[in-house]
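Asker: Position chains B, C and D with the ligands against the provided structure of chain A, taking the given hints into account.
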Amino acid sequence: MSLQVDQRREAYRRMLAIRSFEQALPKRIAAGEIPGSVHSSVGQEATLVGACMALRDDDYITGTHRSHGHPIAKGARLAPLMAELMGRATGVCKGRGGSMHLADRSVGIIGESAIVGAGIPLATGAGLSALVRGTGQVSVAFFGDGAANQGVLYECLNMAAIWKLPVIFLCENNLYAATTPASTTHAQPDIAKRAAGFDIPGVIVDGQDLDAVFEATCVAVKRARRGEGPSLIEAKTYRFDEHAIGIFMPSHYRTADEVEHYRRERDPLALYRMRLLEAGHGEPELAGIEHSVAQAVDDALAFAKGSPHPAPDSIFDFLYSNPIGQQA
Amino acid sequence: MSLQVDQRREAYRRMLAIRSFEQALPKRIAAGEIPGSVHSSVGQEATLVGACMALRDDDYITGTHRSHGHPIAKGARLAPLMAELMGRATGVCKGRGGSMHLADRSVGIIGESAIVGAGIPLATGAGLSALVRGTGQVSVAFFGDGAANQGVLYECLNMAAIWKLPVIFLCENNLYAATTPASTTHAQPDIAKRAAGFDIPGVIVDGQDLDAVFEATCVAVKRARRGEGPSLIEAKTYRFDEHAIGIFMPSHYRTADEVEHYRRERDPLALYRMRLLEAGHGEPELAGIEHSVAQAVDDALAFAKGSPHPAPDSIFDFLYSNPIGQQA
Amino acid sequence: MAELTYLGAILEAEKEEMARDPRVILIGEDIALYSASGALGKLDPKRTWNAPISELGFSGMAVGAAMTGLRPIVDLTIASFVYLACDQIINQAAKIRFMTGGQASVPVVFRMSMWHNGANAAQHSDRPYPMFMNVPGLKVIAPATPADMKGMLKSAIRDDDPVLVFEDNDLWGKKEAVATDPDHLVPIGKAAVRRAGTDVTIVSIAGCLPHADAAVGQLAKEEVSAELIDVRSLVPLDRATILESVARTGRLVVVDYAHRTAGAAAEIAAIVAEEGFATLRAPIQRVTTPDVQIPFSPKLERPLYPNKDRIVAAARRILH
Amino acid sequence: MAELTYLGAILEAEKEEMARDPRVILIGEDIALYSASGALGKLDPKRTWNAPISELGFSGMAVGAAMTGLRPIVDLTIASFVYLACDQIINQAAKIRFMTGGQASVPVVFRMSMWHNGANAAQHSDRPYPMFMNVPGLKVIAPATPADMKGMLKSAIRDDDPVLVFEDNDLWGKKEAVATDPDHLVPIGKAAVRRAGTDVTIVSIAGCLPHADAAVGQLAKEEVSAELIDVRSLVPLDRATILESVARTGRLVVVDYAHRTAGAAAEIAAIVAEEGFATLRAPIQRVTTPDVQIPFSPKLERPLYPNKDRIVAAARRILH
Ligand SMILES: Cc1ncc(C[n+]2csc(CCOP(=O)(O)OP(=O)(O)O)c2C)c(N)n1
Ligand SMILES: Cc1ncc(C[n+]2csc(CCOP(=O)(O)OP(=O)(O)O)c2C)c(N)n1
Ligand SMILES: [Mg+2]
Ligand SMILES: [Mg+2]
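Chains as they are written, first to last, in the working numbering: chain A, 1 to 328; chain B, 329 to 656; chain C, 657 to 976; chain D, 977 to 1296.
Warning: the hint list may mix true and false statements.
Taking beta-carbon pairs under 10 Å as the criterion, some of the chain A residues facing chain C (in silico) [claimed, not checked]:
(1) 9
(2) 97
(3) 114
(4) 126
(5) 139
(6) 310
(7) 311
(8) 324
Keep in mind that the hints were calculated from the coordinates and are not lab data.
Every value quoted in this text rests on a predicted model; they were computed, and no experiment measured them.
Beta carbons are placed, not taken as given, at the ideal position from N, Cα and C, and that holds for glycine.
Chain A with its partners taken away, still in its complex shape (with noise of 0.2 Å):
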């Protein structure tokens, strides 16, 4: 499987989209407009879109609290989401949410996670759900090389063996959990290796790379439509930025080498940009693509900034399907 010609400007215009939206965020927050910190998925966006590019709109996925990046890889419209990240009533979450959890259902997202591992069951879950339904849909359960040190993934690597179901675990290896080198806090570095004890296939991709991580999905999601069961994919991948923005954090954790290196090297847009030229698309065709993604992080920021704040007695609204009677 390979991309066809719109659907890789698609990709591209998803992946610029992430990477913009990311940009614009620092000098937000340095000017208060956005509360809290964010986490930002540069450096990622080859993993993100590439796996989403291999997917049905109505399929689901659920991220992390690095949460920007999922709903967008998956065609999400960004006003909505810079308007929550800016806690305003137009918000995704209607201001409820925030940066930790952009889970915008309309794209299919069933959940932004900021408990480390727990959005894999709820995809897990999803994919039963396809099959009692018998819908077709699959289920992609993003999650960081820390999450997959949570033992909710082996249950849930068990399970959708036994039941075949139509899940794909996608692990997106940055090398780091928060300040935590994998090297120090898993006993082998290829998380994809732990699936072979699940009978899960399980294999390791370029996550730099958008068309390997799209191939590999598409296997996944093809045994996984056909009800041949779950997919293990780990996305070797890297974080440019700082785990989190707006928020104290160490560096010590990584050499300034390092992140150089990725950087310069291993930009997953740097790479797609130079393939998409190897494939005939032309200067002034990505030159519109970036054109066009400048103006709707523009046009977002806009429109969040424009919107209103939730009103404090709207508090309970959304914590039950009716108002139970809470007091305030």
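Answerer: Below, chains B, C and D with the ligands alone, put in the same frame as chain A:
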């Protein structure tokens, strides 16, 4: 490694003690002397004793709800165990623990947990403790095939591996978890294969063969004491009795033929007795052991029945290291 | 109407709701057992999932399935195992609707039974509903009769929010006539006044009902008219019924099998001390299980729980 | 004495106890960070265990280590992650001493911080101490000043029972003079009377202290003499100090950041409604966070918590 002459006698004595202890219980339950229900280890004696014969007296173990076999295999006195089953003040847990919790600290047992899988981290932590204190002790976590599906096992395999903890993960795979066949809840039949993902040796042994279990455990213990880290041993064994005795338990989930086959062909006691005879232990010697074990069980029953119940006003004893002023 | 036990009511509720709504599925350990026994009738294998021992995993899966069109019932069997699933219940099920600004519903039911006087010791004898009462977003019920169990469990299955159902295994054998109309529901959030009275209000939680009822009978012999309220639902809690009763009687005894500190009885006492103080004529009495783990020895265990005598004694203390 | 922040007090307590007792070890995620920063001085690598993200596993390991000669401090970082470890804390740490008839001690400390007003949303903003108060066998503390934090954390580390330490990140920057004597302890189980008063008793829990203190100041301007009690320890709870105070003032306001239902404030209200009723002259007031999940939007979040104005208003309601 193989057992010395007097170790062989001791191994036979302990296996027989488990068997005889367990077999004395149904009558006592029917007579109302033992409250609640019990989980018998009959059929699994070689796994328990084979593993424990490879341990030092001061090595640690944790067990399960099927909690009578572990302390006896580790060398515990029978009387306080039986008194505990009868809820007496002289019981090993002062009548507080009962059948699912026969943890005898005097032989190194730091927990018989009735929460399936929960003993695993306790044993892993005891291994960490031994490492920190530099005592050369090892720690064995006994757990069932059912428990092998609890995520905490994988968290502990990983931590034991990265920190090279002196821990042995010993799975008593008796093919069923209560009424559920492992074949329906395990993605592939060998739990030992799940170890590779954590770079830990995973070996399968015949759990009905005391020598096989002993030898595999010796290898793991040596590795652990040398500072080379954990091992996972899967002993394929079988439970001869129902999941629990003293409470209604359906038996539809396995065939009478299968049970009969194991009882007749794969009885660890019969197999070991034969092996002892072949090795030159004479009938009189074995009969002597058999007689003394029968006597020990009778003594334990008499001790238990003759012991007082705990006083109701002692209820707050042992809750905290010092009373904190609870109210009745 | 048909005679049903409390346990039979659970099965009947599940069977009816599964027949009514193809989105209802069942997941839990060893449940092949009761579906195999025919208790639920003939079922599509895709509707009952006999799970590995992976409470956190399958509880979370039920939440994910609930968000995507199913209405799962999770059978956690014994309440003491719920701690393994706490993260998915508290951080996910309870929070997702709110945190996503209403983008998702989580119509999931978690059932669990609480064991008493069976010599099961500390790891199989908990009554952990108080901790979930402190978690906004969850509903928590503890029906005490077969009719309520059937009607409220059915309401729970039809509810669009996560509902925790606490069952008292003391009551399993209890029998009564129960409505057979498959659309007969008992609403979540309404207490039941089991006996009307004027001198003292006795609020009973979950399986305490038979003891509280016996206590009311005993008090009647002593010419004391006790009003007996069975709360049935802990969240939402029917504050109005409790406050209205105390406004008439001026006296309150709360009876609960759970541990004392920060329990359901504490909440009810606090509500009345706050909103019903003007009408309160005597100290509130909590009759609960003391703050100690449940021992194996029946001689130690049995005296711990609320019973008729302790309830009567508490009422007497504030009547005279 | 030395000036220390609340956060500094935590590090100082750990550093002193680790120096004093070789059995004390530290385990948690990203802790290499603060040991690397030198905050704990030079440490044996066998004393700090930088853990994988495996909360259930390493919490249970700490319990196992505690039973076998160590005194682990588990840093769970943010309190909202404790649900993953609930099974080991509730079913093991709390029960093992009792269930084994005293054969084992479990000297383990679980530390966790509670976040407020940082726009962290529902999955990073819980204050789950109420649920653990309902579990016999645990001790639960929530110190509100640097001096108490240092002295009580040290007591917790030396305690032979499992202690849960709840830290309020609101207070991290708060500074005061703290005893430097490494053997200066603050006992667990004693409340502190922060201000003596005669008209109303204000009981403050955890990080509410600065707000309660400000409220007392405001009330003083209105000629109301409020007594301010900082409970510090939730289990054991210093009932005597609270009851004695209410016996003098006849009025009680309980202030707590945790959710309202079945919370710590409910327990304190219930105790007073039960044992202090005779001296109570007005309805008890709970000033708590309402039963709603914590939203991301600061505009929604900030008004939820108890503050000076809400405390003063509650006091006024029962004074006039
Ligand atoms: C259960 C839980 N434990 C700890 C944390 C704190 N925490 C937030 S992100 C993070 C690191 C996660 O690492 P990884 O899974 O590799 O994802 P990445 O941040 O690298 O994308 C940690 C420890 C948390 N949010 N949830
Ligand atoms: C966490 C938890 N879940 C469920 C149970 C109920 N239960 C008790 S024993 C058991 C089966 C355990 O199977 P396995 O681990 O294979 O041990 P075995 O009984 O075969 O020795 C189950 C499900 C429990 N005690 N704890
Ligand atoms: Mg990572
Ligand atoms: Mg088994």
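Asker: Confirm or reject each hint.
Answerer: Results for each hint:
1. 9: Cβ of residue 9/A sits 29 Å from chain C, so the hint is violated.
2. 97: Holds, about 5 Å.
3. 114: Where the cut-off is 10 Å and the nearest Cβ of chain C is about 9 Å from residue 114/A, the hint holds.
4. 126: holds, 5 Å
5. 139: Hint on residue 139/A: holds, closest Cβ of chain C at ~8 Å, below 10 Å.
6. 310: holds, 9 Å
7. 311: violated, 13 Å
8. 324: Result: holds, 4 Å to nearest chain C Cβ.
Hints 1 and 7 from the earlier list are contradicted by this structure; the remaining hints agree with it.
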